[in-house]
Amino acid sequence: MKTFIIKIACGLLFLFLAGYGLASIKKYKLYGEYFIRQKVSYYDRHGEKYNALVFGSSRMYRQVNTGLLDSATSHKVKAYNMASGGTFFSESRYEYRHTGIHKSVKYIFFEIQDVQPFDINAYTEKFLYCHDLPTVTFELKYFAHNNDWNSSFLSVSHWFANIFYFKKLGQRDKTVNEFTDYNNGYFPLEKDYKNMVSVRKARSIYLKDTTLIYKNRIDAEKSPKNKLNPALVSELRLLAEDCRKKGIRLFLVLPPFSTPADLSEVKAIPDTRILDFSSRKTFPDFYTNRNAYDNGHLNRQGATLFTHKLADSLNYLIR
Amino acid sequence: MLFNSISFLLFLPVIFILYWFFFNKKYKYQNFLLLIASFYFYACWDWRFLLLLMFSIALDFFSGIQIEKSRTGHAAKFWLTLSIGINLGFLGFFKYYNFFAESFSELLQGFGFHVNVTLLHVVLPIGISFYTFHGLSYIIDIYKKRIPAERNPVDYAVFVSYFPLLVAGPIERATHLLPQIQKERVFNYEQAVDGMRQILWGFFKKIVIADNCAPVVNEIFTHYQTESSSNLAIGAVLFAFQIYGDFSGYSDIALGVSRLFGIELLKNFSFPYFSRDIAEFWRRWHISLSTWFRDYLYIPLGGSKGGMLMKIRNTFIIFLVSGFWHGANWTFVIWGGLNAVYFLPLLVFGKNRENLEVVAMNRLVPSFREIFQILVTFSLVCLAWIFFRAENVLQAVLYIKRLFGKSLFSLPDPVPYKILAFVAVMMIIEWLNRRKFHGLEIRDYHPWLRKGLYLIIVFIILRYANFGSNEFIYFQF
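Top to bottom, those sequences are chains X and P.
Under the working numbering, think of the first position of the first sequence as 44, with each following residue one higher.
Under the working numbering, think of the first position of the second sequence as -13, with each following residue one higher.
So here's chain P without its partners, still in its complex pose (with noise of 0.2 Å):
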């Protein structure tokens, strides 16, 4: 089920009436529909890998109370292993394994041996990047007794398949959704309200904003051989604001849906296009995933308490097994790498830490060296996210080879004016809102302001949104 499709405009409400007003009695019958409410949200997609879904709740549901049972630290080392082996490998199998063999066939080609590997023809589970990293996270705080072990089952499987997180996160932390789920919810107006704005927020960007960058994005990259400089310019533009407005959407989308039923996610974007650098940038874009990777890779890694090497390398680290996460493609890999390398100076330099408030905090206007900082930081991110849109690192290189052609400074022809005009709103809309938690947190607007507001976003929504397409990108991750 699509949260951009009829169904769920259906599902929504109904769960919504349900959860208040029938199960309202007690968390756990709150907790109990959430659960079917969820895995029905699932089995819409494919109810197979709902199967599969389940098994790797209960694996992590009972590896969790093996290892807090654990008399020795061996013991609890082995429940450790033996569920982060699972969920990696199947992991591994279902997104992993051609990208894998192909790989191997190719690299042993290049010796000169001819080797027939046999790949898969499966679907990749939706979401099983993210429900994979829900468990993680859940077991190595358990063995690291951040938290205790979870012994109520539904409570557990609501932490890992909550729908509005399920299929493209935000990837949650036990310690902050399981205490949620595990109290008493009451109705809350401000914050139902506040998550109705993030929803109306979320569907602007995904159907205004990436569904209608996307068919002139297709456009571009499937003809890149043949398009102006200026429009593989304004493509690679387009396609940041798209997966922006899909991924950012999704999260806004899934983050309201949550407030409706009481439940707070953790915040995912914090408007990385106005970032000065790329060490603010990725403290703005996917934030649980960065701090995941922080949080379970970085820091075990040894973080940065090491030399400048060692902190080199986790970095280097970081970024390509976060590419690597996004896709079994060399693209995604290079674009970590690519991240990687924007990143060096600054940590080098000790600069990464530089940039932790919001731009122009106390002003309107950015300063002309702020605007330069952002240019400069949005130009890298298209650049690299060129890797990203890429269906094999040979079209890359080559898009970027003719993007640096003579006709880089004309103007594309035709210029997506209408496309530009929606950017635009949705940029200033968050450039006003900036500090806020989203980009429509306009509870201290004039109610008036506030009304004409929704209105012009809703008749943009039903006026121009482009309806008839379109899965999140962040599915197939």
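With the rest of the complex left out, here is chain X (with noise of 0.2 Å):
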């Protein structure tokens, strides 16, 4: 029994280390989301053109309208967009450690968001590939705070899976779609969903409904903002520690329909400027039926308006 386990110990520890050691040579370390893995090779090649990058999720890619930016700030912020749908902090910030940042970028915005690691992802490629160690160490410590242990577990088996992941290792750079270099990396959600689904499969797909999008948000706003996750700060410390290093500028961003936070400990943190739009009594205007496009996202109305009022924001601080 004894060397039946241990036999088999010894196999899975060897392809564990093969898997460890692949992994580490691989060029493309993005492999499973070809869309971000496009962005960064995209700005590989134009990026001394930019001077700003934006990272987070969908609600900095479909709202945060990067050629717009271009224009209302009087062509000081050229921006390409970074950011991809459907993701979280983890991967935003594994996006930003694998983009080779040109010294021409003076500002970063990046997304505060949370992390959810889901059940199904554990079935696909999404969200496999961010799962290397400082990763995972990241979220363990975020999770270890919320006494989530059940995403302790899926974040630790992501990794596992990751590692174990070897078709990870034929990947090759695919175009699946055009967007990447389209109004510098963004793309309006309405637009999308017209190429895929007719408007009105795409509207009733996602349920807009004003009442309820105001509803929602007089919901958020009610209970006291929470703090946080200390893990999420410390990392965004990080994050901060490593744009003074490059000398650039970071903004950190609650986009519209983001959760409202207490962000009093973020404020803390030096040489980085906050800039929320989260409110809807500050910013009712982005909860209304003609900008947004469904309960998470603005339209590409709703986008214009979004950029117009960071662009406000950038005039004021960067002048």
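Note that these hints are calculated values from the structure, not bench results.
For every residue, glycine included, the Cβ atom is placed at its ideal position computed from N, Cα and C.
Just so you know, not all the hints are guaranteed correct.
[Stated by the list, open to error] To give an idea of the interface, some chain P residues facing chain X are shown, with a C-beta separation under 10 Å as derived from the structure: (1) L(-4); (2) P(-1); (3) Y175; (4) A178; (5) Y440; (6) V444; (7) I447; (8) R449.
[Claimed, not checked] Calculated lysine to aspartate or glutamate pairs in the DMTMM-like style (CA-CA distance at most 20 Å, straight line): (9) X:K50 / P:E427; (10) X:K50 / P:D430; (11) P:K253 / P:E343; (12) X:K45 / P:E176; (13) X:K50 / P:E176.
Each chain sits in its own coordinate frame; assemble them with the hints.
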């Protein structure tokens, strides 16, 4: 019995080490998430013309019109939108680590968001790629604070799965969409959906009801704002430190539809500015039928409005 | 819970450790653990149907005792009929009700009557065909006085619900499995190592062969009306390997997992695609089902004791029922019937028991005659598989019609080189081990060759397997 278990353990250890070794020499780390990899690859080739980068989820990708930001800031901010739909902080942070940031970059806009590994992701390539040791270490701290052992387990299993996921070794760059170089990485939500399904169908999928949007926001803002997870704060601190070393000004953004949070600890991070657009009371225009696409995103018109407001803040901050 | 899921990869080592380290004082404790594990395994799919499984177990357990206790043949027959009736009633209700209702409605429509039949919108309980047959064989064996009734409910429940075989077989016999459940099990290193080899080989067949064939096969069968004949041919051939990889892969995993617990299950596949005629194919394909039908249907019907006409009748009955067992669709019935037609000449000319030995028994390479026989048998099997895979009879007929078009002998477009290479790897390894219990029984190989082979197979699985899918096809049966 002992020999049997030792042999099995040795076999697994060998595979683990082989997987770890092969993954570390792999050129493209961002396997599985073609979209992010395409953006990173595009930025590698054309990065010198941008002086700002936007990282985050669909709330940045679909809501920060980088082309408009350029003109609205009188060309002071020439940004490329690196954000991608369906991502969480872990992925955005991983993407940042694997982006060869050009010396021309002066500003980085980074979304403050939470981390939620889903069970379903354990069966897909999505979310797997970013689970290297630094990401898992961060997530374990994050989930430990929330006493979320299920997510901790998922995080570690993603890490294991990532190591044993030899399929990544064979992945090549593959064009899956044409949006990476469109309008500096920004793409409005409805335009995307117009290509995939009819607008009518898309709208039926995403319930769009002003009353409900208002209700959700009011509910979210009724309770006292939660403090940010300390692991997230310390990760943001590290990010700020890295940006400071590179001579980049970091803007931490809470875009419209984010959950309002107590940002007092983030405010204490030196050389960092917070751009908080999450409040319905302060920014009621975002939460209207005219400007919202669904219960979590702005539409093209809303994105234009938000980008103008972002530009106004920037014009003031970088004057 | 699927064998090719992360949950099973966690479930198996946990049960293994509990079984050999914490419940190893008495085999009864181990049986209790196996029962809990099996119920959990089943409940992961849908806990509500666990109640149905429990009911089926309780019914057969109780009926078995009553049959044994019966002093008159009449009473024993009553309990036998009751048990068989209820078991087949459940099977018929969940699996065949809609089929019969629809067929009846269509038949009446043919005569000009329009009847609105009520169809059931229930999911087929997973593995119902398998555990029902476990129970039936047990009851019939007691009635025939081949075995005594089991008095320990836990042991009997483990026999029916043992998780490696619960949802897709092999279909076990009480005479084979129950004695193993009722005795002390000692960890056997050789058995466990070979079990691991069999699991590895099962995973290779399932997630490299079957799951990589599946998307190509689905594409071709969906667009069969626009595909070229050569593409349709490759679609049929790949489906043959898909279903083989899927089902024999599942069986290999089941047998291998069971060997880790010191329990040997019935062999279910014996390299069927190396068969030289259809009779040999059916001795090597889904062996536990074929022998079940032989023992509990063919022989009671008279078997081959009567004249030629009776033999032919019984053979047709077996194949048609076997087809119907696979699914409630006329395609399965025709698939069974077609196999019976293939079998007929062998039966009439007394050639059905000609090829009993493994092909090229003492040689590495088969003769030209054997190659020809294997290719002809494989082609016939592939042709029949088209009915098995098609959504309906019309699709199968049109598929076959288009298959024999002008472009049959042209190159398929695109040629699925990678998948064909995997299939070739599988067939070569299986050919080399065709005299063994399973395809990767390589204990007599040189240790370095063995380790090298493990590495290559593990690497192919991790690198090329299709992880994003796919239930085992035989779950639906």
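We went through each hint and held it up to the structure:
1. Contact between L(-4) (chain P) and chain X, as hinted, is supported at the beta carbon level, the nearest pair being about 9 Å apart and thus within 10 Å.
2. The beta carbon of P(-1) (chain P) comes within 9 Å of a beta carbon in chain X, closer than 10 Å, and the hint placing it at the interface holds.
3. Given hint, Y175 (chain P) at the interface with chain X, holds; its Cβ is 6 Å from that chain's nearest Cβ, closer than 10 Å.
4. At a threshold of 10 Å, the smallest CB-CB gap from A178 (chain P) to chain X is about 5 Å, leaving the interface hint in force.
5. At about 8 Å, the closest approach between the beta carbon of Y440 (chain P) and any beta carbon in chain X falls short of 10 Å, and the interface hint on this residue holds.
6. Checking V444 (chain P) against chain X: minimum C-beta separation of about 7 Å stays under 10 Å; hint holds.
7. The interface hint given for I447 (chain P) is met, as the beta carbon of that residue sits about 8 Å from the closest beta carbon of chain X, less than 10 Å.
8. With 10 Å as the threshold, the beta carbon of R449 (chain P) comes within range of chain X, its nearest partner Cβ sitting at about 4 Å, so the hint holds.
9. Taken as a hint, the K50 (chain X) and E427 (chain P) pair is honoured in the structure, with Cα atoms around 18 Å apart against an allowance of 20 Å.
10. Note on K50 (chain X) and D430 (chain P): the hinted pairing holds, with a Cα-Cα distance of about 18 Å set against a maximum of 20 Å.
11. Note on K253 (chain P) and E343 (chain P): the hinted pairing holds, with a Cα-Cα distance of about 16 Å set against a maximum of 20 Å.
12. For the hint linking K45 (chain X) to E176 (chain P), the alpha-carbon distance of about 13 Å falls within 20 Å, and the restraint holds.
13. Between K50 (chain X) and E176 (chain P), the direct Cα distance comes to roughly 13 Å. Compliance with the 20 Å bound is thereby established for this hinted pair.
The structure shown violates none of the earlier numbered hints.
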